Each structure stands twice: as C-alpha cells, then as structure tokens.
Amino acid sequence: GENVEQHPSTLSVQEGDSAVIKCTYSDSASNYFPWYKQELGKGPQLIIDIRSNVGEKKDQRIAVTLNKTAKHFSLHITETQPEDSAVYFCAADSNSGYALNFGKGTSLLVTP
Amino acid sequence: SAVISQKPSRDICQRGTSLTIQCQVDSQVTMMFWYRQQPGQSLTLIATANQGSEATYESGFVIDKFPISRPNLTFSTLTVSNMSPEDSSIYLCSVRKGGTVEAFFGQGTRLTVV
Numbered sequence: 001g002e003n004v005e006q007h008p009s010t011l012s013v014q015e016g017d018s019a020v021i022k023c024t025y026s027d028s029a030s031n032y033f034p035w036y037k038q039e040l041g042k043g044p045q046l047i048i049d050i051r052s053n054v055g056e057k058k059d060q061r062i063a064v065t066l067n068k069t070a071k072h073f074s075l076h077i078t079e080t081q082p083e084d085s086a087v088y089f090c091a092a093d094s095n096s097g098y099a100l101n102f103g104k105g106t107s108l109l110v111t112p
Numbered sequence: 113s114a115v116i117s118q119k120p121s122r123d124i125c126q127r128g129t130s131l132t133i134q135c136q137v138d139s140q141v142t143m144m145f146w147y148r149q150q151p152g153q154s155l156t157l158i159a160t161a162n163q164g165s166e167a168t169y170e171s172g173f174v175i176d177k178f179p180i181s182r183p184n185l186t187f188s189t190l191t192v193s194n195m196s197p198e199d200s201s202i203y204l205c206s207v208r209k210g211g212t213v214e215a216f217f218g219q220g221t222r223l224t225v226v
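Here the protein sequences come in this chain order: G and Z.
The first sequence runs 1 to 112 under the working numbering.
The second sequence runs 113 to 226 under the working numbering.
Just so you know, the hints here were simulated from the structure itself, not pulled from any lab data.
From a predicted model like this one, the values you see are computed outputs, not experimental measurements.
Treat the hints with care, as some may be off.
Label pairs and their calculated CB-CB ranges [stated by the list, open to error]:
id, chain 1, residue 1, chain 2, residue 2, range
1, Z, Asn184, G, Ser18, 41 to 49 Å
2, G, Glu5, Z, Val213, 20 to 28 Å
3, Z, Phe187, G, Ser18, 18 to 26 Å
In this text, a Cβ means the ideal position worked out from N, Cα and C, and glycines have one as well.
Given the sequences, and given the hints that come with them, work out the whole structure.
Printed below as a string of structure tokens:
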C-alpha cells in the first residue's frame, strides 16, 4: 500500500520566516496530495491540495510543490505568523482512490 | 465543503463498555470514513462506511471491535466495543462528496478509557 513519509517531525521558526515541510510517497499511481492543518482539540482542516497534473499551487502565504518523478511534495508557508502554529499533515490518495494515507505530521511552532 | 458534526466530542469510559460515535453531515456525501488518531500520532484509517452495506475494514481492524452503520448518505456511526485503555484515541469522521477528491473531517471524538 501507499507509504507517506513526512519531515521534519517538529519545526520552530520565528515570526516572519518561512517554513517548509516535505513529504515523500511510494505509490506512483497516487494523483492527489492534500495538506491538513490540525489545531489542538480540533479535526484536520484542508488548507491546500495539489493534483498530479500540476507542479505548483499557491494560495496567499501557502504553496505546495509536487515532483512526480521523485515522488515528493512540499508545503511552503511564507511570512509565518503565530496563528500558523499547529500540526500539519500531508497525505496521498490510496490505491482505491477513495481514502487517504497520511504522513506522521509536523508540529510547527511560530515564535513571536 | 461540508459541515460535519460528531457526537460526543469527548467521553471517559470504563473498560469493557462500548461507545457509539455519531457523524452527521449537512449534505449528502458519497464516501464516509472513520479514522483513529492515537495521542500525538497520525491518522489511521479504520474503515470505509458503505451506505446500505457492510463497512470495508482496513488491516488490523475488525467488525466485532468497530461495528459501523451507515443508514443513509448523511449519517454514520462507529461503535468502539469492549473498550480497553489502548482504545484511548481521537476518532474522526471524514467525508468526500461525489465527483470531488477533497476530504473533510469532523472535529473528532476524544475517547479516554479508564
């Protein structure tokens, strides 16, 4: 089955700096790669996603890049703010195309 | 998107008992899933809730332990049976609408078994 690796597990940045989280996946048939933000006591919230037919997607301060050849994708957050502090999960769609396989998460801390 | 309501939001249960978690969506959805998130860990798929038929379970999860119902396109329940402290986790309902790939999550049910 699909295996999603995520790094780093923790990341601390100063407010205003950029943060980058990287993921790799194993199944070359995967076509959909979402990113979720989970704040304490809440469910995961979809913040951005990318499909295999594009290499980059941007939404204000967040962007995602995808390299299908190398089977890796990354989340970039620019001009970080304290409210960006949360756990971020990458995911990839599974063989069935229905459920998602998640990385282990990255705990991001943005210090003022 | 979809508005997903899970009940209860949290519970503390005695070992050996069972808890049923409800997931209600504000619109009809094609796919409903149940995930488990152990403390400080990632999300693991328990099963896909199929409308009108038995759920499809992932390796390591069985129907006797996690019976699932899905009577219609907006509602599903997950029961955690004969609970032990190892079942202490957050249980999350997730949905996907027909023709789309985006998956949305409820706020989760935080279960503590004592």
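Which of the listed hints are not met by the structure? Those not satisfied come down to hint 3.
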